[in-house]
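Whenever a hint applies, use it, and build me the whole structure from the sequences.
If you read the protein sequences in the order shown, they are chains A and B. Taking the numbering used here as reference, the numbering of the first sequence is continuous, increasing by one, and the terminal residue is 406. Taking the numbering used here as reference, the numbering of the second sequence is continuous, increasing by one, and the terminal residue is 812.
Some hints could be false.
Said to hold, decoys possible - No farther apart than 25 Å at their CA atoms in a straight line, the calculated lysine to any residue pairs in the SDA-like style are these:
| # | chain 1 | residue 1 | chain 2 | residue 2 |
| --- | --- | --- | --- | --- |
| 1 | A | K24 | B | K597 |
| 2 | B | K430 | A | E59 |
| 3 | A | K56 | B | T453 |
| 4 | A | K56 | B | F638 |
| 5 | B | K756 | B | A568 |
| 6 | B | K523 | A | D140 |
| 7 | B | K533 | A | C107 |
| 8 | A | K127 | B | S466 |
| 9 | B | K462 | A | D48 |
| 10 | B | K597 | B | V761 |
| 11 | B | K728 | B | V696 |
| 12 | A | K56 | B | K434 |
| 13 | B | K721 | B | V761 |
| 14 | A | K56 | B | R424 |
| 15 | A | K117 | B | R424 |
| 16 | A | K127 | B | C513 |
| 17 | B | K523 | B | H512 |
| 18 | A | K56 | B | D421 |
| 19 | A | K56 | B | F686 |
| 20 | B | K725 | B | V696 |
| 21 | A | K56 | B | H535 |
| 22 | B | K533 | A | K117 |
| 23 | B | K462 | A | G45 |
| 24 | A | K387 | A | D182 |
| 25 | A | K56 | B | D580 |
| 26 | B | K725 | B | F686 |
| 27 | B | K523 | A | F232 |
| 28 | B | K597 | B | T764 |
| 29 | B | K462 | A | F232 |
| 30 | A | K127 | B | D546 |
| 31 | B | K434 | A | S60 |
| 32 | B | K533 | A | D105 |
| 33 | B | K462 | A | D182 |
Stated by the list, open to error - Cβ-Cβ distance ranges computed for the label pairs, FRET-style:
| # | chain 1 | residue 1 | chain 2 | residue 2 | range |
| --- | --- | --- | --- | --- | --- |
| 34 | B | G451 | A | D327 | 55 to 63 Å |
| 35 | A | E17 | B | G555 | 45 to 53 Å |
| 36 | A | E59 | B | E532 | 44 to 52 Å |
| 37 | B | R556 | A | D48 | 26 to 34 Å |
| 38 | A | R55 | B | L409 | 14 to 22 Å |
| 39 | B | G451 | A | D174 | 29 to 37 Å |
| 40 | A | E17 | B | N702 | 37 to 45 Å |
By construction, these hints were calculated from the structure, which means they are not laboratory data. Each residue gets a CB set at the ideal place from its N, CA and C atoms; glycine is no exception.
Number of protein chains: 2
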Amino acid sequence: MSLIVQKFGGTSVADPERIMNVAKRVAKTYDQGNDVVVILSAMAGVTDGLIAMARKVSESPDNRELDVLLATGEQTTCALLAMNLKSMNYPAQSLMGHQVEVMTDHCFGNARILDIKADRIRELLEKRHIVVVAGFQGCDPDGNITTLGRGGSDTSAVAIAAAVKADVCEIYTDVDGIYTADPNICPKARKLDTISYDEMLNMASLGAKVLQIRSVGFAKKYKIPVHVRSSFSEEEGTMVVDENSGMERLVVSGVTHDTNQARITLKKVPDQPGVAAKIFSPMASAGIVVDMIIQNTRAEGQTDLTFTVPRNDFKKALKLQKEVAADIGAEEVFGDQNIAKISVIGVGMKDHSGVASTMFAALANENINITMISTSEIRISCVIEEKYAELAVRVLHTAFGLDTRE
Amino acid sequence: MSLIVQKFGGTSVADPERIMNVAKRVAKTYDQGNDVVVILSAMAGVTDGLIAMARKVSESPDNRELDVLLATGEQTTCALLAMNLKSMNYPAQSLMGHQVEVMTDHCFGNARILDIKADRIRELLEKRHIVVVAGFQGCDPDGNITTLGRGGSDTSAVAIAAAVKADVCEIYTDVDGIYTADPNICPKARKLDTISYDEMLNMASLGAKVLQIRSVGFAKKYKIPVHVRSSFSEEEGTMVVDENSGMERLVVSGVTHDTNQARITLKKVPDQPGVAAKIFSPMASAGIVVDMIIQNTRAEGQTDLTFTVPRNDFKKALKLQKEVAADIGAEEVFGDQNIAKISVIGVGMKDHSGVASTMFAALANENINITMISTSEIRISCVIEEKYAELAVRVLHTAFGLDTRE
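See below:
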C-alpha cells in the first residue's frame with residue numbers, strides 16, 4: 001500500500017466525460033489499497049477563456065483579481081470529480097488552495113510556494129478519503145488567492161506530494177512519457193523508462209514541454225519520484241528520479257531542439273570593463289530573457305559578442321542593441337532569426353569524455369555548420385541553421401545510440 | 407457621506423458589458439464621497455449551467471461539492487467587476503465568502519448565516535477601497551464552502567450591511583421597485599415609495615419575488631433600510647423600512663395573487679384528538695409545504711378539513727390523503743387545482759376596522775365566490791376560482807384606493 005499523488009492536466013479533465021474517466025482511474029488506484037491525493041488543472045481551454053473575458057473588462061487586468069478569476073477553473077473540475085467519486089460511493093472531498101493552506105508569496109500570477117500545511121489532507125487520508133486538491137492555486141499570508149503561473153499544477157502536485165510524503169507523484173498528461181527526442185521529427189525516438197531530475201531540468205527548459213520546470217526542481221529538492229504517464233492508456237510512462245537510484249545509465253539520454261530562438265551579434269565591441277553590463281542591462285529591463293552568450297576575443301582591444309533571445313523578442317532586442325552599439329562604440333549589430341539550438345543531455349557525460357567530439361563529428365558529417373556552442377556539466381548545445389534542425393536531431397540520436405532497438 | 411451596500415443580481419451582471427455598467431454606477435456612488443461595498447450574484451444562467459454540468463457526473467450531486475462548484479459563479483463576477491474598477495483607476499478589491507468570514511452552519515445548499523466578521527471589509531473601507539463581495543456564499547466553522555440557497559445574495563447583502571453598519575442596503579434588480587400589485591395584470595398598480603419590513607415579508611411570501619424572504623427578516627432584525635431599485639435606470643425605487651420611520655401610511659399597501667396553489671378537502675373527518683397530526687405528518691415527511699388550513703365544524707362529531715399545497719405537489723398530496731382518509735375513516739377526499747389566493751396587505755390594518763368587509767364586499771360585487779379565508783395581523787387572504795384572479799386584484803386595488811392618482 002502506497003500514498004500516491006495523481007495529477008491530471010487540462011486535456012484529461014476537458015469535459016464531464018473525461019472527468020468520469022479520471023474518477024475511474026482514481027478509484028482503481030484506491031481499490032488497490034492505496035491512499036490517493038488527486039491534483040487537478042482547469043478544463044483545457046477554460047483558463048484562456050477566462051483571460052479573454054478579463055480582457056473585455058480591462059486592457060491589462062489587475063493581477064490580484066485575475067488570480068481570483070482563474071482560480072475558478074480548478075475549483076470547477078475538483079468539485080465535479082469529487083461529486084462523481086461520491087456518486088460511485090467513494091469517500092471523496094475537494095479542497096481549494098486556501099483550504100490545503102498552500103502558502104505562497106504575494107506574487108500574483110506567478111506565485112512561489114513557501115509552505116504547505118496539508119493538515120486537512122492528512123486528516124482526510126487517515127479516514128481513508130480520496131482528497132481532490134485544486135492545482136495551480138494557493139493563498140498568500142494575507143489570505144489572498146494566488147496562482148502559480150502556467151503549468152503550475154505540476155508544481156502543486158509535486159509540492160503536495162512532498163508535504164504529505166507521498167511515495168510517488170504521478171503526472172497524467174497527453175503524452176505517454178519522456179522521449180529521447182521529439183518523435184514527430186525523429187521516428188526512431190524511444191520512450192525512456194527513467195530519467196534523472198537534472199536531465200529533466202535540462203530537457204524541460206530546452207523544449208520537452210511535458211513538465212513545468214519548477215516542479216522538477218521541487219521534486220529534486222524533496223526527492224519525490226515523479227511518474228510521467230498518459231491519462232489515456234494504462235502503460236507505464238517515464239520515472240523522473242534521483243540519478244543514483246539505480247536508473248538506466250546512458251551517456252546521452254536525449255536530444256532536444258529549440259527553433260524558438262534568434263541570434264544577435266555585436267561586432268567589434270570595445271574590450272573594456274562594464275561593457276557587458278551596458279549590453280545586457282537594457283535587455284533585463286525590457287524583460288527579455290537572454291539564453292546563450294558567447295564572446296570571442298579579437299585583436300586590438302576589441303571583441304565580438306553574440307547571444308540568443310526568444311524569437312518573439314528579436315525585433316525589440318535588435319532595436320535596443322542598436323542604441324547600445326551607438327553608445328559603446330561597437331561597429332555593427334546584426335541578427336539572425338533562422339537558427340535552431342540542438343542539445344544533447346545526459347548525466348553520463350560527467351564520466352565520459354568524447355561526447356562533444358562525437359557531437360561535432362556527427363554534425364560535420366552532414367555538412368551542418370555550428371555557429372555557437374555552449375556546454376554545462378550534463379549538456380552540450382550547438383546553434384545551427386534552422387533548416388538543418390530536424391536532420392541534426394536524427395543524426396545525433398543515431399550517433400549516441402538512442403535509436404529504437406529492433 | 408454614507409456607507410452604502412449595493413447588491414446587483416444575475417441579470418445586472420449577465421455579461422462583461424453589463425458588469426462595466428455596474429462599475430460605472432458603483433464609481434458614481436463612490437465619487438459622491440460614499441463608502442461602497444458591492445455584493446454580486448453570478449451571471450444570470452450560470453448557476454443553472456453549473457447544476458446541469460453537475461448532473462452529468464452525478465444523478466444527485468453531493469451537496470458539499472455542489473456548493474464548491476456553485477461558488478465559482480460569484481467568484482467570476484466579483485473578479486471581473488474589481489478588475490474593471492481598477493482599470494478605471496478606482497481602488498477595488500474582491501473578497502470571497504471565506505475571506506469576509508461569512509460564517510454559516512453546515513447546511514450545504516441552504517446554509518444560514520451565523521456571524522460575519524467583516525474585519526477585512528472594514529480595513530479596506532478605512533483605506534477608501536471599494537469592496538466587492540461574493541454574494542450567496544459563506545463558509546462553515548470547518549472552512550468548507552457553503553451557499554445560502556436561491557436568492558441568497560440578497561441575504562448576503564443585508565447581513566453584510568448589518569455587519570458593517572451600513573446606512574442603506576441597495577438591491578439593484580430588473581424591476582424598479584415594489585408595486586401595489588402586479589402591473590402585468592393591474593395596469594393601475596403604482597410603485598410604493600416605502601413599505602414596512604412586515605408588509606414586505608407578507609408580499610414576498612405571497613409572490614412579489616423581488617427579495618429573498620430571509621433577507622427581509624435580517625433587515626427587520628437589524629433595522630437596515632433596504633432600497634429596492636432598478637439597475638437599468640437612475641430612478642428611486644422602494645424603501646423597505648421600519649413601520650415607525652415616518653413612512654407613508656396606507657391602510658392597505660398591496661394586493662397580491664398566487665395562482666400556484668391547489669386545494670385539498672377531506673370531508674367528514676372524525677372530530678377526534680390526533681386526527682390533524684395523522685393528516686399533516688405524512689405531508690411534512692414528503693416535504694410538501696401546506697399553506698392555508700381551514701377546519702369547519704360539522705354536526706355529529708365530524709368535521710371538514712381543507713388546506714392548500716403548491717400546485718406541483720397536488721397529485722402527490724392527493725394520493726397521500728386518500729391513504730390517510732382510509733386510515734382515519736374520512737368519507738371523501740377531493741381537490742381543486744384551479745384556485746387562486748388573493749391577499750391584501752397593510753400595517754394600517756392594525757388600526758383600521760372594516761378591511762375584511764370591504765374586501766368581501768368588493769369581491770361579492772363582481773360575483774366572485776370566496777372558498778377559503780385566512781387572516782393575520784396585517785394580511786387577509788381569500789381563495790377564489792383561478793379564472794377570477796386578475797379581476798379580483800383589480801377590483802381590490804380600486805376598492806382600497808391604490809389606483810394611480812391621475
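Results of checking the hints against the structure:
Between K24(A) and K597(B) the alpha-carbon distance is near 57 Å, which puts this suggested pair outside the 25 Å criterion. Proximity of K430(B) to E59(A) is assessed by CA-CA distance (about 17 Å); at most 25 Å being required, the pair is judged to hold. Straight-line distance between C-alpha atoms of K56(A) and T453(B) comes to about 21 Å, which keeps the hinted pair within the 25 Å bound. For a cut-off of 25 Å, the pair hint linking K56(A) to F638(B) stands: about 21 Å separates their Cα positions.
Simply put, K756(B) and A568(B) have alpha-carbon atoms about 28 Å apart, too far for the 25 Å limit, and the pair is violated. Pair hint K523(B) plus D140(A) holds up; C-alpha atoms about 20 Å apart against a cutoff of 25 Å. Of the pairs offered as hints, the one joining K533(B) and C107(A) holds, with about 22 Å between alpha carbons and a cut-off of 25 Å not exceeded. Proximity of K127(A) to S466(B) is assessed by CA-CA distance (about 24 Å); at most 25 Å being required, the pair is judged to hold.
At most 25 Å may separate the alpha-carbon atoms for a hinted pair to count; K462(B) and D48(A) meet this at roughly 23 Å. For the hint pairing K597(B) with V761(B), the CA-to-CA distance comes to about 22 Å; that is within 25 Å, so the pair holds. Proposed proximity of K728(B) and V696(B) is supported: the alpha carbons are some 16 Å apart, at most 25 Å. Between K56(A) and K434(B) the CA atoms are separated by roughly 21 Å; this keeps the pair inside 25 Å, and the hint holds.
A hinted pair counts as satisfied when its Cα atoms are at most 25 Å apart, and K721(B) with V761(B) does not qualify at roughly 35 Å. Note on K56(A) and R424(B): the hinted pairing holds, with a Cα-Cα distance of about 11 Å set against a maximum of 25 Å. Among the hinted pairs, K117(A) with R424(B) is inconsistent with the structure: their alpha-carbon atoms are about 40 Å apart, more than 25 Å. Taken as a hint, the K127(A) and C513(B) pair is honoured in the structure, with Cα atoms around 22 Å apart against an allowance of 25 Å.
Taken as a hint, the K523(B) and H512(B) pair is honoured in the structure, with Cα atoms around 17 Å apart against an allowance of 25 Å. For the proposed pair K56(A) and D421(B), the alpha carbon gap of about 10 Å is at most 25 Å, so the pair holds. The hinted pair formed by K56(A) and F686(B) fails the criterion: a straight-line CA distance of about 55 Å is larger than 25 Å. Simply put, K725(B) and V696(B) have alpha-carbon atoms about 15 Å apart, close enough for the 25 Å limit, and the pair holds.
Between K56(A) and H535(B), the direct Cα distance comes to roughly 23 Å. Compliance with the 25 Å bound is thereby established for this hinted pair. Pair hint K533(B) plus K117(A) does not hold up; C-alpha atoms about 31 Å apart against a cutoff of 25 Å. Between K462(B) and G45(A), the direct Cα distance comes to roughly 19 Å. Compliance with the 25 Å bound is thereby established for this hinted pair. Taken as a hint, the K387(A) and D182(A) pair is honoured in the structure, with Cα atoms around 16 Å apart against an allowance of 25 Å.
A hinted pair counts as satisfied when its Cα atoms are at most 25 Å apart, and K56(A) with D580(B) qualifies at roughly 23 Å. Between the alpha carbons of K725(B) and F686(B) the distance comes to roughly 13 Å, so the proposed pair stays at or under 25 Å and holds. Simply put, K523(B) and F232(A) have alpha-carbon atoms about 47 Å apart, too far for the 25 Å limit, and the pair is violated. Simply put, K597(B) and T764(B) have alpha-carbon atoms about 23 Å apart, close enough for the 25 Å limit, and the pair holds.
Proposed proximity of K462(B) and F232(A) is supported: the alpha carbons are some 21 Å apart, at most 25 Å. Proximity of K127(A) to D546(B) is assessed by CA-CA distance (about 20 Å); at most 25 Å being required, the pair is judged to hold. Distance hint between K434(B) and S60(A) is fulfilled; the C-alpha atoms sit about 22 Å from each other, no more than 25 Å. Distance restraint check for K533(B) and D105(A): the Cα-Cα separation of roughly 23 Å lies within the 25 Å cut-off, and the hinted pair is therefore satisfied.
Of the pairs offered as hints, the one joining K462(B) and D182(A) is violated, with about 37 Å between alpha carbons and a cut-off of 25 Å exceeded. Checking the proposed 55 to 63 Å range against G451(B) and D327(A) shows it holds: the Cβ atoms sit about 58 Å from each other. The hint said 45 to 53 Å for the Cβ distance between E17(A) and G555(B), and at roughly 30 Å that hint is violated. Distance hint check for E59(A) and E532(B): the Cβ-Cβ separation is about 30 Å, which falls outside the suggested range of 44 to 52 Å.
Under the hint 26 to 34 Å, the C-beta atoms of R556(B) and D48(A), about 32 Å apart, fit the expected range. Taking the beta carbon of each, R55(A) and L409(B) are about 33 Å apart, not inside 14 to 22 Å as hinted. At roughly 32 Å, the beta carbons of G451(B) and D174(A) sit within the given window of 29 to 37 Å. Judged by the Cβ atoms, the range 37 to 45 Å given for E17(A) and N702(B) is violated: they are separated by roughly 58 Å.
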